[in-house]
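Engineer: Residue numbers (the working numbering), protein chains in the order written: chain H, 1 to 223; chain L, 1 to 454.
These aren't lab readings, by the way, just hints derived from the structure by calculation. Each residue gets a CB set at the ideal place from its N, CA and C atoms; glycine is no exception. Keep in mind that the hints are not guaranteed to be accurate.
Once the Cα atoms are required to be at most 30 Å apart in a straight line, the calculated DSS-like pairs of lysine-lysine come out as [unchecked claim]:
(1) L/K358 with L/K319
(2) H/K10 with L/K393
(3) L/K319 with H/K167
(4) L/K393 with H/K21
(5) H/K149 with H/K200
(6) L/K319 with H/K21
Computed footprint of chain H on chain L, listed as stretches where at least three residues anywhere in the stretch have a Cβ under 8 Å from a Cβ of chain H [stated by the list, open to error]:
(7) 244 to 250
(8) 337 to 349
(9) 366 to 372
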Amino acid sequence: MRILVVEDDKDLNGQLVAALKEAGYAVDSAFDGEEGHFLGDTEPYDAVILDIGLPQMDGLSVLERWRRDGRTMPVLLLTARDRWSDKVQGIDAGADDYVAKPFHIEEVLARIRALVRRAAGHASNELVCGPLRLDLRASRVTVDGNPVKLTSHEYKVLEYLMHHTDKVVSRTELTEHLYDQDFDRDSNTIEVFVGRLRKKLGVDLIETIRGLGYRIDSSSHAA
Amino acid sequence: MRRNSLSVRLAAIAGIGSAIALLVAGLVFITLFRQSVERNFDARLNVLLQTLVGATITEEGIDQAGAARIGEPRFALPQSGWYWQIRDIPGGQVLAASASLFGDYLALGDFPPADGAVRIAVLEGPAGRGLRGLERRISPASGPSLAVLVAGDADAMAAEIGRFRFVVFSTLAIFAVILAIGMAGLVRFGLRPLRQVRDALKRLERGEKASLEGEYPEEIAPLVDDLNTLLRSNREIVERARTHVGNLAHALKTPIAVLMNEARGEDPLAIKMRRQGAIMQDQIHHHLDRAQIAAQTNVIGALTPVAPVIEGILRVMRKVHEARAITIEDDVAPDLRFRGEKQDLEEIVGNLVDNACKWAANRVVIRARSDAKAGESRLHLTIDDDGPGLPGKSRERALRRGARLDETKPGSGLGLSIVFELVELYGGTIRLEDAVAGGLSAQVFLPAIEKDDA
């Protein structure tokens, strides 16, 4: 999962990025509206954390431009002006949720988790596919109730595929969503992760669609 | 009309003034006319008196037959109202009298002055008719002095004066009516700008207008301009204060967020920082909110359509709670208008609906109705949820400052207390009750007006 943080306060931006990375997300950050808008317009993000009060272009304008151009990723607004008119304005501009400053990082993480889940069409914090269960809150994976130890990269690959069950996910898409923009992208590493995942999970959940990518088919494993 | 009104004052002054003027004019006319009529009458009597003296008083004494030569036939007609008589002085015995007296005589107590001047006598004649007469003392060379009286019918004269009085007073009465109509028009027309100011002020109070509109005459134009300037500067001051407050909030909240998030872990310093940070956060929230409220209540004439505010908040709620299976229903009467600031209505409705959505199991219902009580139009808001509800004691506590009943649900805990303060500020009431669906039902009454009584 790849997240964009647009916040002009360097410290707060750093804190958000650190907390998100710790939670297993690939994170890019921008410090003003122009840069934020450009990144959101060109890179595929699974969610955006957007401050309203930004230099160059304010958050609401950034959001409106994205929505006008058909960018539909979930957006969480950070706002210091937490009057209801601000919230209404934010939602009307196309935001999916808002958090009023000051906030606890955990609150933001919970909202982001919910937004990503919602965007993928999942209602609960647990993604299930046959014997495989993935707890988004605890970042825990179990097969038939037995915990499976995964590295963070393996977990990210599995989480993305679980969020997009029944869809073919290309290696490029995986790379784009799992790494931030500074990462040296090499799609071969994805193959390595998928291979390890198959071994660790013990069940053949991840199909390889030749020439296209990978897929987790939920129906073929329905209990 | 109230007693202390310019219209009443002007009408009273003009009315009393012209009534007195008309009355005096009438009295003067009538007096002049009476004097003129009496002078004419006296002049005629005087001629008759001279003629009578010339015709009847001779060297030999009184020549009764000479009276026929006076040329006034009414002296011969019995009880015609025209009489003469001659008395001797000082005996007072009637020596001769006109045939019209028919053997009667006219009673007079004394005699005319000795210098031969003519005196006017007002007396009562036969059949009780009022007479006016002239009497004069004649002293012939031989014989006693005589008092010669000629009297005419004064009733006819009085009737003529009466007729004149009637004409004068009816004419003046018509004048008075015309004057009254004229004055009423004058007052209406002359005071129209003041009434316009009054109406404009009413519209301002009701919040339909932000300033006094219209063209006013030079006498009151400065007043209206000053008032508009005052209103504008008041609004500007409030707006500026609000902007400053907002800027301060924005400026403080980000650093606090950074500090709070940096102070993680169980380090005693971190715990202390978190605790103090939370206090700072609470204080800022509390005082900034109040500063905004205090600023807003001084603005007169605010009026907020209710439906758009509720719709906006419901858009937010539906979006934010999209993932949860909550249906949010609304039933808002159109044309409802809240007599107050938009922001305040948003805070009231927003916080209550937010709470309801946080706690609801399946369903939240928002209703807005007009509710007239004691002739005053009120806005009745009902926000129901089907959540766990609140027991009686907690309800009281919920409305107090900073009380937070459940720490697990996000929110600063100031929501309900700010609602309570806002509602009180607007002179409304708020009640927390059991909802039919089992959860909590918040009932809020606020001042409002309906569109049609504007």
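Engineer: With reference to the structure, classify each hint as holding or not holding.
Structural biologist: Outcome of the hint check:
no. : hint               : result
1   : L/K358 with L/K319 : holds, 13 Å
2   : H/K10 with L/K393  : violated, 46 Å
3   : L/K319 with H/K167 : holds, 26 Å
4   : L/K393 with H/K21  : violated, 45 Å
5   : H/K149 with H/K200 : holds, 8 Å
6   : L/K319 with H/K21  : holds, 27 Å
7   : 244 to 250         : holds (count 3)
8   : 337 to 349         : holds (count 5)
9   : 366 to 372         : violated (count 0)
Figure legend: structure checked against the earlier numbered hints; hints not met, in rising order: 2, 4, 9.
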